[in-house]
Amino acid sequence: MPLLVERRQLVAPGDLLAEGEYLAGDNAYKDDGRIYAQRLGLADVRGKRVSVVALKGPYMPRVGDLVIGRIVDTTLGGWIVDINSPYTANLSVSDVMGKSFSPEMVSLTKILAIGDIIIAKISAFDRTRDPALTIKERGLGKVEGGVVIDLTPTKVPRLIGKKGSMINMIKQLTGCEVIAGQNGKVLIKGRNLKMVELAIHSVRMVEEQAHTSGLTDRIRKFIEEKK
Amino acid sequence: MGESGRKLIDENGLRIDGRRLDELRPIRMEVGLLANADGSAYIEQGKSKIIVAVYGPREVHPKHLGLSDRAIVRCRYHMAPFSTQERKSPAPSRREIELSKIIREAFEPVIFSEYYPRSMIDIFIEVLQSDGGTRCAGITAASLALADAGIPLRDLVASCAVGKVEGRLIVDLNDEEDKEGEADMPVAYIPALDAVSLLQMDGQLTEEEFVEALKMAKEACMKIYQMQKQALKQKYVEAKEAVEEQE
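As given, the protein sequences belong to chains X and W, one line each in that order. First residue of the first sequence: 1, per my numbering; consecutive thereafter. First residue of the second sequence: 1, per my numbering; consecutive thereafter.
Simulated from the structure, these hints should not be mistaken for lab results. Treat the hints loosely; a few may be bogus.
Result set (SDA-like, lysine to any residue): computed pairs, CA atoms no more than 20 angstroms apart in a straight line [as the list claims (entries may be wrong)]:
1) W:Lys-233 - X:Lys-189
2) W:Lys-233 - X:Met-205
3) W:Lys-240 - X:Lys-189
4) X:Lys-189 - X:Lys-226
According to the in silico footprint, chain W covers these stretches of chain X (three or more CB under 8 angstroms from chain W) [unchecked claim]:
5) 13-23
6) 30-40
7) 85-94
8) 175-184
9) 209-221
From the three backbone atoms N, C-alpha and C, an ideal C-beta is built for every residue, glycine too.
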């Protein structure tokens, strides 16, 4: 019952990872006692569980995820939001306005216009219906300024780092506010243009070098040098 | 006999382009070259040149086409008007519609489409220059584009044709061998499942020849499969090496 890969080894779809008593974790599947990779990524072994940390992939909504989305349309009772996933999300008016909303008095686009960027949380999602969003918590709602940049959704955990080590380091060194949406949209806000640029460059470094080790130290060095 | 009346296999057992009977054309693959697509790949196999873009999983339009239990897969195989000697009408021909369908069916067994219900995955295969074997090279490149898009796959699909020319079986036919030869049999093979997901044939082979041809096709597919794996990993290996060099 051999394990055929090392931790952090680069694997492609169809690569044989292990045989026998192992379990298939994320991005891996078991067929006839053999475990294969489903995606291009880095192998990961935790006990008997063999999985793949994917390097690329679409964003699949999960309840509780923080996402950054763009309003694309309005309906009778709310907004349709592009959250960079196979499904568009719905944001209901009652979630934004409370009970006092009357459609004949207020136009929905006065509250959130098409094209507006919002920070929201996924409040409900199952495979049968499109995800629902909420902006009721603190820190959520319309984004008033800053830059939104793209990151492959599967690399967001890498940007955040262990217990937020990476993202906190970038925030601290650049003095910028960095908010990472789980859907691969990263909002960067800061007063100093040069620092914003450094923060953007750091995210780009995560994109390009997510599969290498010692990345946090390399980015720290990069920011300190350019500062 | 070839177009000019010359033999397709010479006395040394070499083909018109100097290949041995079981030798593939030179193959070059590149992954992730289109910024707008979710996944993309480019392949050159001999003189055939093909680019593939994959979009999705994305929302289905019109919505009623979507399925509630899995993603739908759509495929368009298309030859550019300038891809052949004579201008080809850009409108999809009977042949292209058929190939689009069978290529889609070649991928359905490997895509975990049940992960993305009510969505669709689009595969666009654009033949830029054609010299035979474009459906096979298209499948080979489309596998890479799907993997590049991060779509979960059971395995990559590798594809290659085997044919008969002057009574002998040959691998990876070019345009002239396809047109002048006695048989042409494209095969798409899924190594991890040990399954064939596409098999067509025109011309005639005896039963023994068919069995031998299938064996040769699998061997050729395995060679292509190794190249696919390498092409996929290449970009990341290079990035890693560049980083290690810095330190």
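Which numbered hints does this structure break?
-> 1, 3 and 8
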